[in-house]
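Participant: This is what each chain is made of:
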Amino acid sequence: AQSVTQLGSHVSVSEGALVLLRCNYSSSVPPYLFWYVQYPNQGLQLLLKYTSAATLVKGINGFEAEFKKSETSFHLTKPSAHMSDAAEYFCAVSGHTDKLIFGTGTRLQVFP
Amino acid sequence: NAGVTQTPKFRILKIGQSMTLQCTQDMNHNYMYWYRQDPGMGLKLIYYSVGAGITDKGEVPNGYNVSRSTTEDFPLRLELAAPSQTSVYFCASSPDPLRQPQHFGDGTRLSIL
Numbered sequence: 016a017q018s019v020t021q022l023g024s025h026v027s028v029s030e031g032a033l034v035l036l037r038c039n040y041s042s043s044v045p046p047y048l049f050w051y052v053q054y055p056n057q058g059l060q061l062l063l064k065y066t067s068a069a070t071l072v073k074g075i076n077g078f079e080a081e082f083k084k085s086e087t088s089f090h091l092t093k094p095s096a097h098m099s100d101a102a103e104y105f106c107a108v109s110g111h112t113d114k115l116i117f118g119t120g121t122r123l124q125v126f127p
Numbered sequence: 233n234a235g236v237t238q239t240p241k242f243r244i245l246k247i248g249q250s251m252t253l254q255c256t257q258d259m260n261h262n263y264m265y266w267y268r269q270d271p272g273m274g275l276k277l278i279y280y281s282v283g284a285g286i287t288d289k290g291e292v293p294n295g296y297n298v299s300r301s302t303t304e305d306f307p308l309r310l311e312l313a314a315p316s317q318t319s320v321y322f323c324a325s326s327p328d329p330l331r332q333p334q335h336f337g338d339g340t341r342l343s344i345l
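These protein sequence lines map, in sequence, to chains R and L.
Numbered by this note's numbering, the letters in the first sequence go through residues 16 to 127 in order.
Numbered by this note's numbering, the letters in the second sequence go through residues 233 to 345 in order.
With the rest of the complex left out, here is chain R:
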């Protein structure tokens, strides 16, 4: 069985500061991991995905995530936050089934 835990339902940063959104997973098989972003009144859009190639994955809009098997983590980072990054972010895991398991989401606020 798979599960995802996102630590922190809300994260606030200043513009230009480091963004760190945490995701820990549980999976009985090698997982595939995804980060999605949701802007207000829109559906989810893929930011990046890990599918067992490189452990450091680069996505759109300057985001990246590192797969750490020993820590069962897949944290999302961005070196310098921009106002346009304000959104809700979801981590998801797929483990050899037809379904994705989503975390409960982290809302990112960016202050000027």
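In case anyone wonders, no lab produced these hints; they're calculated from the structure.
Don't take each hint at face value.
Claimed, not checked - Derived lysine-lysine pairs resembling BS3-like cross-links, with alpha carbons at most 25 Å apart:
#1 R:Lys114 <-> L:Lys289
#2 R:Lys64 <-> L:Lys276
#3 R:Lys73 <-> R:Lys84
These numbers come from a predicted model, not from an experiment.
With chain R fixed as given, assemble chain L onto it according to the hints.
Facilitator: The following block gives chain L in isolation, referenced to the frame of chain R:
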């Protein structure tokens, strides 16, 4: 390239009414999904389909029904609307659920009063 299209975008229903949320995709994806999103709860899978004619229950199927007569369409039906079904509903599709991302529609915001 339309992707995944959901209609309507907003709807208000009275308790006990029924309605169908429409979802269509033009990417020839075999896999399609219906989720509901409630504040602070993430996305919960209602039903999914691995191809035309095949559907299966997700995590929260009670009170909903689906059908998949074509690859393109995957409607979700609420038979007797209840206040607990007030939510935002998302449809998604994927060519490969393990390695490929799901493509989402913009959602249907449903209120049951």
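Participant: For each hint, tell me whether it holds in the structure or not.
Facilitator: Here is how each hint holds up against the structure:
1. R:Lys114 <-> L:Lys289: Roughly 11 Å separates the two Cα atoms, so the pair holds.
2. R:Lys64 <-> L:Lys276: Judged against 25 Å, a Cα distance of about 20 Å means the pair holds.
3. R:Lys73 <-> R:Lys84: 17 Å, holds
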